[in-house]
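Student: Read off the chains here:
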Amino acid sequence: MSDPILEARDVHFGYRHAAPVLAGVSFAVRPGRSMALVGESGAGKTTLLRLLLGLARPGSGAILFDGRELDLRDRARRLEFRRGVQTVFQDPYSSLDPRQRVSRIVAEPLRSLGLGSAVADRDTSRSSGLGSAIVGPDVSRTDRQAEIRRRVTAALDSVGLPADAADRYPHEFSGGQRQRIAIARAIVCEPRVLLADEPVSALDVTTRVRIVDLLAELTRERGLTVVMVSHDLGVVATLCEDIAVLERGRIVERGAIDTVLGSPSHPYTRRLIASAPRLPSGRS
Amino acid sequence: MSLLTVNGLSVHSPDGRALVRDLSFSIGPGERLGLIGESGSGKSLTALAIMGLLPAGMTVSGSVVLDAPGMPATEVVGAPSRRLDRLRGRAATTVFQEPLTALDPLMRVGRQVAEPLRRWRGLRGAALREATLSALTEVRLSDPERIARAYPHEISGGQRQRVAIAMALACEPALLIADEPTTALDVSVQADVLSLLANLIAARGMSLLFITHDLAVVAGVTDRVLVMRDGTAVESGTVLDIVTAPREPYTRDLVDSARTFDEALNRRKP
Chain A
1 MSDPILEARD VHFGYRHAAP VLAGVSFAVR PGRSMALVGE SGAGKTTLLR LLLGLARPGS
61 GAILFDGREL DLRDRARRLE FRRGVQTVFQ DPYSSLDPRQ RVSRIVAEPL RSLGLGSAVA
121 DRDTSRSSGL GSAIVGPDVS RTDRQAEIRR RVTAALDSVG LPADAADRYP HEFSGGQRQR
181 IAIARAIVCE PRVLLADEPV SALDVTTRVR IVDLLAELTR ERGLTVVMVS HDLGVVATLC
241 EDIAVLERGR IVERGAIDTV LGSPSHPYTR RLIASAPRLP SGRS
Chain B
1 MSLLTVNGLS VHSPDGRALV RDLSFSIGPG ERLGLIGESG SGKSLTALAI MGLLPAGMTV
61 SGSVVLDAPG MPATEVVGAP SRRLDRLRGR AATTVFQEPL TALDPLMRVG RQVAEPLRRW
121 RGLRGAALRE ATLSALTEVR LSDPERIARA YPHEISGGQR QRVAIAMALA CEPALLIADE
181 PTTALDVSVQ ADVLSLLANL IAARGMSLLF ITHDLAVVAG VTDRVLVMRD GTAVESGTVL
241 DIVTAPREPY TRDLVDSART FDEALNRRKP
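Sequences listed follow chains A and B, in order.
Going by our numbering, the residue at position 254 of the first sequence is 254; the numbering climbs one at a time, nothing skipped.
Going by our numbering, the residue at position 113 of the second sequence is 113; the numbering climbs one at a time, nothing skipped.
Everything labelled a hint here was simulated from the structure, so no lab data went into it.
Keep in mind that a hint or two might mislead.
To be verified - One side of the interface only, derived from the structure: several residues of chain B facing chain A at Cβ under 10 Å: (1) T182; (2) L240; (3) S257.
What the hints assert, rightly or not - Taking CB as the label site, the calculated pair distances span: (4) Y93/A with D104/B: 24 to 32 Å; (5) R104/A with T183/B: 29 to 37 Å; (6) D223/B with Y15/A: 44 to 52 Å.
Said to hold, decoys possible - Output of the computed footprint for chain A on chain B, the stretches with three or more beta carbons under 8 Å from beta carbons of chain A: (7) 185-192; (8) 217-230; (9) 241-254.
Backbone N, C-alpha and C define an ideal beta-carbon position, used for all residues, glycine too.
Start from the sequences and build out the full structure, keeping to the hints where you can.
Tutor: Here it is as structure tokens:
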């Protein structure tokens with residue numbers, strides 16, 4: 001089995017004078033095996049995602065990135081981590097800056113991660129596809145602009161948006177298209193992992209199918225691994241290979257999704273599965 | 001005779017766009033109808049139009065007649081608000097999606113449930129207190145005395161929605177309109193609230209208009225569904241017919257989408 005890209009090792013997290021939010025959480029995200037973090041409100045799903053993103057630090061235990069403890073104080077490692085791990089949020093209406101054109105929104109990771117800087121230049125070992133075109137520090141400003149533009153167009157294209165979307169503003173797009181913009185922004189720097197917090201729950205069901213299809217395509221064609229927080233078992237069963245079920249800050253069950261959904265061993269998992277509303281089949 | 005008859009209902013926005021167009025359907029006593037559609041389909045506006053609660057500036061045309069037992073049949077469209085006040089709560093009442101906004105945050109839950117009981121059944125004192133607690137017990141809230149003393153923020157989302165249901169049922173309405181009543185709830189809580197709603201409605205012989213975007217949810221609650229898109233009715237029929245043999249392309253798209261996620265759950269081998 002290949003080495004995990006991201007790993008939580010006996011992670012605890014809590015606030016003073018309150019019950020712990022996370023207690024003894026351990027799991028590994030391996031390349032090519034998209035992972036679902038499933039649970040109900042207050043289970044600690046979003047907190048866990050914030051820890052995986054380095055937005056908060058565990059009280060005890062560790063988050064590991066490529067086998068080393070996540071340390072975002074080191075600039076080089078922070079840039080490396082941000083290039084490798086990107087995120088998409090639940091609400092496509094609040095996660096995009098309404099005053100910026102789509103081209104600027106999508107290009108943001110390229111700018112903040114220093115396309116053309118020494119760090120990006122050094123990082124040629126993982127070059128593939130778009131990532132091969134890392135531009136050195138000596139390249140002129142216009143060339144850099146052209147390169148950013150090229151990558152933005154490619155990212156928009158791979159999420160199924162037309163090139164002219166780049167010159168428009170977020171309010172001109174529907175919820176599903178906005179989520180595509182958010183995904184384009186996340187994949188523009190060719191990350192290996194996409195952390196997605198309920199990425200489709202704010203969308204209509206027909207749109208939901210299209211976005212899940214898009215994520216599945218990105219995992220197939222770009223070797224992207226998705227870590228998805230969701231309460232919707234149908235959605236995660238469509239996309240993910242592995243699952244961890246969280247209840248009140250603890251992982252009560254985890255493993256291959258076929259096994260966990262097919263023969264759940266924990267009562268809470270069984271209750272979640274039994275609660276999922278189902279369509280009448282009509283076929284007997 | 002139908003309890004609710006909607007005929008040629010249209011709703012226009014202040015700038016003249018048609019948000020609901022020429023919608024007609026009816027619900028008989030004890031019947032349950034699901035109104036299903038995606039965002040912008042006009043399903044919630046339809047619910048508001050039935051209650052005469054459309055936002056200012058919207059114009060309504062067509063007819064909405066509520067004919068509840070023991071009350072004169074009333075045309076809602078164009079009716080003065082004094083007449084509508086007599087209908088609301090008794091002929092028809094609504095449970096909304098978000099119980100936190102449906103409840104007054106500054107008032108204890110018990111007082112909010114007591115209010116319609118006091119107004120409609122004329123109860124006072126100990127009898128009112130008794131009726132409040134029994135209303136909370138009926139929606140299967142354990143420890144109703146504690147819930148009655150609590151403020152809305154002190155109880156969970158599922159408990160709040162149960163309180164909202166208790167308030168809606170307090171006046172024994174003939175028609176309950178439930179607008180996405182479980183969308184804000186966790187799945188296991190949703191399952192409980194849905195079965196509670198179904199049982200209460202069956203036990204009281206009430207009619208139900210259930211509004212949702214989720215085919216699987218509506219399938220468990222109502223017998224018939226009406227599919228809406230862009231303010232118009234696309235197709236209607238029994239839940240089973242719609243789900244197994246949709247006639248319109250839009251309905252097929254909707255069913256196929258829901259089916260994708262549903263079948264992903266089936267594919268999982270034991």
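Student: Evaluate each hint against the coordinates.
Tutor: Cross-check of the supplied hints:
no. : hint                           : result
1   : T182                           : holds (9 Å)
2   : L240                           : holds (5 Å)
3   : S257                           : holds (4 Å)
4   : Y93/A with D104/B: 24 to 32 Å  : holds (28 Å)
5   : R104/A with T183/B: 29 to 37 Å : holds (34 Å)
6   : D223/B with Y15/A: 44 to 52 Å  : holds (48 Å)
7   : 185-192                        : holds (count 6)
8   : 217-230                        : holds (count 3)
9   : 241-254                        : holds (count 4)
Checked against the numbered hints above, the structure violates none of them.
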